[in-house]
Structures are given as structure tokens and as C-alpha cells.
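Trainee: Work out the full structure: start from the sequences and follow the hints.
Going down the list, the protein sequences come from chains Y and H.
Note that our numbering numbers the first sequence so that position 29 is 29, with each residue one more than the last.
Note that our numbering numbers the second sequence so that position 87 is 87, with each residue one more than the last.
One should not assume that every hint holds.
Since copy identity is lost for identical chains, a pair holds within one copy or between any two.
As the list claims (entries may be wrong) - Lysine-lysine pairs mimicking DSS-like chemistry, simulated, CA-CA at most 30 angstroms apart:
| # | residue 1 | residue 2 |
| --- | --- | --- |
| 1 | 56 | 91 |
| 2 | 56 | 73 |
| 3 | 42 | 73 |
| 4 | 237 | 86 |
Derived by calculation from the structure, the hints in this document are not laboratory data.
What follows is each chain in one-letter form.
Protein chains: 2
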Amino acid sequence: MNLQLAKPDEIRKQIRNGALDIPTSGMCKSYVQANVVILPSKYAYDFLKFCFRNPKTCPLLDVSEIGSTSFSKYGKDADIRTDVGKYRLYKNGKLVDSYSDIKALYTDDMVSFLIGCSFTFEHALLEAGIPIRHIEENHNVPMYITNIPASPSGVFTGNITVSMRPMTMAQAIKATEITSNFKEVHGTPIHIGNPSEIGISDLNTPDYGEKVTIKENEVPVFWGCGVTPQSVALDAKPELMMTHAPGYMFITDVRDSEMGS
Amino acid sequence: MNLQLAKPDEIRKQIRNGALDIPTSGMCKSYVQANVVILPSKYAYDFLKFCFRNPKTCPLLDVSEIGSTSFSKYGKDADIRTDVGKYRLYKNGKLVDSYSDIKALYTDDMVSFLIGCSFTFEHALLEAGIPIRHIEENHNVPMYITNIPASPSGVFTGNITVSMRPMTMAQAIKATEITSNFKEVHGTPIHIGNPSEIGISDLNTPDYGEKVTIKENEVPVFWGCGVTPQSVALDAKPELMMTHAPGYMFITDVRDSEMGS
Chain Y
1 MNLQLAKPDE IRKQIRNGAL DIPTSGMCKS YVQANVVILP SKYAYDFLKF CFRNPKTCPL
61 LDVSEIGSTS FSKYGKDADI RTDVGKYRLY KNGKLVDSYS DIKALYTDDM VSFLIGCSFT
121 FEHALLEAGI PIRHIEENHN VPMYITNIPA SPSGVFTGNI TVSMRPMTMA QAIKATEITS
181 NFKEVHGTPI HIGNPSEIGI SDLNTPDYGE KVTIKENEVP VFWGCGVTPQ SVALDAKPEL
241 MMTHAPGYMF ITDVRDSEMG S
Chain H
1 MNLQLAKPDE IRKQIRNGAL DIPTSGMCKS YVQANVVILP SKYAYDFLKF CFRNPKTCPL
61 LDVSEIGSTS FSKYGKDADI RTDVGKYRLY KNGKLVDSYS DIKALYTDDM VSFLIGCSFT
121 FEHALLEAGI PIRHIEENHN VPMYITNIPA SPSGVFTGNI TVSMRPMTMA QAIKATEITS
181 NFKEVHGTPI HIGNPSEIGI SDLNTPDYGE KVTIKENEVP VFWGCGVTPQ SVALDAKPEL
241 MMTHAPGYMF ITDVRDSEMG S
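Mentor: Here it is, written out as C-alpha cells:
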């Protein structure tokens, strides 16, 4: 099976059957991959409202009906209980355990959210000849907690997290133009240049991911990061929350080119 | 008081004090006016999800916290119980009465939704030299129920309603280009041309509003209409729902030019 050329439902079936349990980077080329947040229904309105109010950090792709395990647009035949390779379970804001499926945990009261991830716009940047340093250096993108508060919604409050990609200012302008077409996956940068302006004291010590090389003629470019909704949700300390494990994304039925339609 | 040049908070204060009880068309030039839907909190998640899934007919501008009477972005100092000139109360899907305020009806369990209206993009079309026939003929825009189902969400299901403006095909193309920049107020047309393709049998008998003259060289251009969320919500027969009365919009603190920022 060619993982890069496979269709989303084929890959999801392999994952569901336990035949595939590796990170999804590079799978199903040109199909949108998504971050996953699963919460009890009493948090559904406030979390959906949080996504609506914070589109750059929490770009919502799809949401389930209460108790449903599939998605009307991004995964009609999916089963969110089994179609992610690795899940994390949090209780009262603390990581408790990881699971290869959550059939025993997903009740009729659960609601699932699919949130855009940066894979999509990185692909477009690369095609425009803009370098992605963490891909060149073969590790995770560096992420930083800023001093910029997210727009609060009910119990969900906290500062936003950004990812950083260094490039020349000319490339940063081009990247801003390109990502203005990708509003469902973080859109345009939140900041370009001086990190201290958004409360980041040292680019060499990211809060998540790994540091990257910044060349002399480059500026750091900061995009809203999909870690924000997870970190904010964990600060809210819901009694129960499930997410995908980092790198083990949900592969959707929607192509990059269909987004926004 | 010059109603056209007044600031939104001044107008809202007049309405709140009962000193102003006429339709809001033309008031606070360049500020966004909004449709209002108020529901008990048990419908909040499904209705917010309905808006998310149907951005062309139900473009959400802002939502309140449960029980809150103001809006974090579109009306920080507003009071949704008093700042609309005329409200309608529906019970189990039936219009019961109209009120000049809803202080006695708005409980801690209510949630308010502000939904974009076409005033904003009509202004932009006029500025581009595109005629708006119902304004020329000085009556309401004609609206039609289509055979296109809205994306359902929980109890909220039904066909979408469209508004229609006749123009030449060249103007229709220009209008499509212009409204692509107004995603918060219905965005691009849903259909151009043959009405029977979307289930409309006779343009001379609109379901709401009044018919307009269509000239020989013109095509009908159909946009998603803000009546959709109200009609769908009424089909869902919630035990209680409140809305603005037609023409008596909520005047927001956001300028047309700030939308989407």
C-alpha cells in the first residue's frame, strides 16, 4: 500500500483495524489532516464559540453531532473512536494515558471537533519556493506561548500559542499573501519579527517542539498554532478530554483544494 | 439627532429609552446591522453549529455567553433585551406577540446570536454602480424558499431561503467578485439565472418581501438570505424563541470596513 497515494478511507480503515500505527505526516497527499479535540457535551457550546472567536489559532473544520462518531463534511464514513492512530486521555487537565482506540471511552454525550493544522499551508509555501526550516532540519516546528490572550469563551481562556518559521522578509510577505487564502488552517501570520513584542524571550527555548536555525538575513514569522485550543481546554480542566497524540492526525475526506468551498 | 451620522451606542441608548422606535435602515451609516436570534441554551450548540455549517445563509457575526445580554466584539456595552426597537416572540414555532423590550422574557438561560444582513454588501454594490432594484422601487427585497437543503445540525433542518436582485450578467459577475469580500454577510451568490434550477417556480410570487421589475437584458441573482436561520429555527419548534422584527435590526459597534478583521 502506497501511503502517500492512498485514499483517506483506505488509510482510516487500516488504522481502524490496527494495521497502521505510525504518525500520519506524508499520508494521503493533498488531503486535509486535522487536529482532534473531544469533550463532554456540556462544554460543546463554549468550545465551539471559542473556535469561532479565535479563527487564527483554532480554525474549525468540522464538528460532530452530540454522540456522533462521524462528521458531515470532513468524514461521513469515519469513526472518530478508532480512526486516529493514537489518542490521549486527559482528566481534570492532566494527561492520564494513551490509547490506540477510544471505543470504551466515547459515550453518547461526547462531541468531537476537527481543527485545521499547518500541514496544508506548509505544502503551499514549499510549492512557492519558501523554505520550511523545521522540515529541512527534520524535526518538529518550534512553538511558543505568547502574552497575547485568546478571545475567551465561557470556561475557555488563556494565551495563544504560535508556531515559528524563519525566512527572509520578502519571503514573509509572500507567505502572508499565500496564507491569506488558507483561513481554515490558521490564515495569515500573527506576528513578523521581534519576538519580545509578543512575549517570547528566547527563540532558542521553545515551549513545544524543537528550535530551528535562523539565518542572518531572516526574520521569525509566527502563525497561530493548533496547540492553543488544547492548552486552553486543559487550563479549563474539564473532567474528561480526549485528543489525537501529536503527529497522529485525523485524515479527512476533503482535499486541500476544496477547503473553503 | 442625525440618525445617519449618529454613533451606534447613541442610537442604542435612544432605542433603550423608548425614544426611537422606527426601522433602522439608513441609521449609523457604515456600521454593521445584524439579524437577531435568541434561544434557550439547550439549543445553543446545535444552532451555533448550524451557523458554522451554513455560512452563506446564516453568517454568524457574534454570539453571547449563556445568560449574557452583550457581545464581546459587536456590542460590548449593548443590552440585547432593550437595544432592538421591536422584538418578536415565538412559542413552539408560532408567532405569539411583539414587544418593544424583552426584559421580562430574557432569563439567565438565554443565548443571543447576531447574524449578518445584506445591508452591508448592498451598500458596496451601489458604490460600484450596480443597481439594487428593490431600493429603486422602494420596497422590501423579494425572497424565495428554494429546494436546496441547508446542512442540518441537530434539530435544525430545512431548505434555504434566498433573496433576489436582478442585474445584467456583466453586473452579476462584478457583484460576485465584490461579495466574495463579504463572507460575513452572505458572501457570493448561491445561484445566477434560471430560477427553476433551485426550485423557484414563479419570480412574481416571492415567499417573503415584494416582487421587483426584471428588465429584458437582466438575470436574477440569488444570495443566501438571513430569513433562513429564522425559518429553520421555527421549523424546529423550540418552545421559545425571540428575534428582531423585520427592519428593526441590532446596530453593532463594528464598521463595515472592519468586518473579517
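Trainee: Taking the hints in turn, state whether each one holds.
Mentor: Hints and how they fare:
no. : hint     : in the structure
1   : 56 x 91  : within (27 angstroms within a copy, 38 angstroms between copies)
2   : 56 x 73  : both (21 angstroms within a copy, 16 angstroms between copies)
3   : 42 x 73  : both (23 angstroms within a copy, 24 angstroms between copies)
4   : 237 x 86 : within (21 angstroms within a copy, 41 angstroms between copies)
The earlier numbered hints are all upheld by this structure, with none contradicted.
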